[in-house]
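J.: Sequence:
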Amino acid sequence: MKIKKILVSQPRPSSEKSPYYDIASKYDVELVFRPFIKIEGLNAREFRQQKINIPDYTAIIFTARTAIDHFFRLAEELRYNIPDTLKYFCTSESIALYLQKYIIYRKRKIFYCENGKIGDLVPLLAKHNKEKYLYIISDVHKEDLALLDKGKINYTKAVMYRTVSNDFEPDEPLDYDALLFFSPAGINSLKKNFPDFDQTNVAIGTFGTTTAQAVQDAGLRLDFQAPTPKAPSMTAALELYLKENKESE
Numbered sequence: 001m002k003i004k005k006i007l008v009s010q011p012r013p014s015s016e017k018s019p020y021y022d023i024a025s026k027y028d029v030e031l032v033f034r035p036f037i038k039i040e041g042l043n044a045r046e047f048r049q050q051k052i053n054i055p056d057y058t059a060i061i062f063t064a065r066t067a068i069d070h071f072f073r074l075a076e077e078l079r080y081n082i083p084d085t086l087k088y089f090c091t092s093e094s095i096a097l098y099l100q101k102y103i104i105y106r107k108r109k110i111f112y113c114e115n116g117k118i119g120d121l122v123p124l125l126a127k128h129n130k131e132k133y134l135y136i137i138s139d140v141h142k143e144d145l146a147l148l149d150k151g152k153i154n155y156t157k158a159v160m161y162r163t164v165s166n167d168f169e170p171d172e173p174l175d176y177d178a179l180l181f182f183s184p185a186g187i188n189s190l191k192k193n194f195p196d197f198d199q200t201n202v203a204i205g206t207f208g209t210t211t212a213q214a215v216q217d218a219g220l221r222l223d224f225q226a227p228t229p230k231a232p233s234m235t236a237a238l239e240l241y242l243k244e245n246k247e248s249e
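Numbering (my numbering), first residue to last: 1 to 249.
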């Protein structure tokens, strides 16, 4: 299978030092960054339908920077004056530091764990067991809520944004030799935009077990995936596939 043009269903990397560019140069392939999905925020009317009163909560749980953006956006739209006493619990330091975009970091009570997993945040949440937590999520959330329940955390889910299909133009071709996907929603968007998609000579690579399963559930062929022991990242998986493909030519 000759690979010359690859669609990466994510936004273009902001840094020119991205491994994707090294791969494009090394294997003489064209990379096109074209998200199959996009994030859309709920408006105030939609959020109110959840019957959640934000001032009732003393702490917020964030597992993504996107969640932070939409929390502060909705807070403004709802005219909620965020108190200085509000506490923030994040699943990584990078997410915690992103709060600087909206608040004076050193003057707020901010907590985080090291590895980005909600399970490792639970002991910290349990330690502050008098807090009433608001957990900011999307309509399609991967986090294991059972871990919060098992830890007897007093929390409420608040959907503030959703994942929707990023529609292609009617005459926009899908003329790629390989497609890279990072979520089941991306697979759903592929099927929606191209219901007659013929995979025959198109390789599909995925990141994450749920995305790999979505490919199989859609009746498509999975050619490579990450993370694996040999390929911990999508770029590593892509390079390994291109190398093996080149050797077989």
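No lab work stands behind these hints: they were computed from the structure. Bear in mind that the values here come from a model prediction, so they are computed numbers and not experimental data. Hints are not guaranteed to be accurate.
What the hints assert, rightly or not - Label pairs and their calculated CB-CB ranges:
#: 1; residue 1: Ser-94; residue 2: Glu-247; range: 23 to 29 Å
#: 2; residue 1: Arg-65; residue 2: Gln-216; range: 27 to 33 Å
#: 3; residue 1: Arg-65; residue 2: Lys-107; range: 16 to 22 Å
#: 4; residue 1: Gln-216; residue 2: Ile-39; range: 35 to 41 Å
#: 5; residue 1: Asn-154; residue 2: Lys-26; range: 50 to 56 Å
#: 6; residue 1: Lys-51; residue 2: Ser-233; range: 39 to 45 Å
Think of the CB as a built atom: it goes at the ideal place given N, C-alpha and C, for glycine as much as any other residue.
J.: Give a verdict on every hint.
T.: Checked hints:
Evaluation of the 23 to 29 Å hint for Ser-94 and Glu-247 yields a failure: the beta carbon distance comes to about 37 Å. As the Cβ distance of Arg-65 to Gln-216 is approximately 30 Å, the hint placing it in 27 to 33 Å holds. As the Cβ distance of Arg-65 to Lys-107 is approximately 20 Å, the hint placing it in 16 to 22 Å holds. As the Cβ distance of Gln-216 to Ile-39 is approximately 26 Å, the hint placing it in 35 to 41 Å is violated.
Distance hint check: the CB atoms of Asn-154 and Lys-26 are about 52 Å apart, consistent with the given range 50 to 56 Å. Checking the proposed 39 to 45 Å range against Lys-51 and Ser-233 shows it holds: the Cβ atoms sit about 41 Å from each other.
Hint check: violations occur at hints 1, 4; the rest are consistent with the structure.
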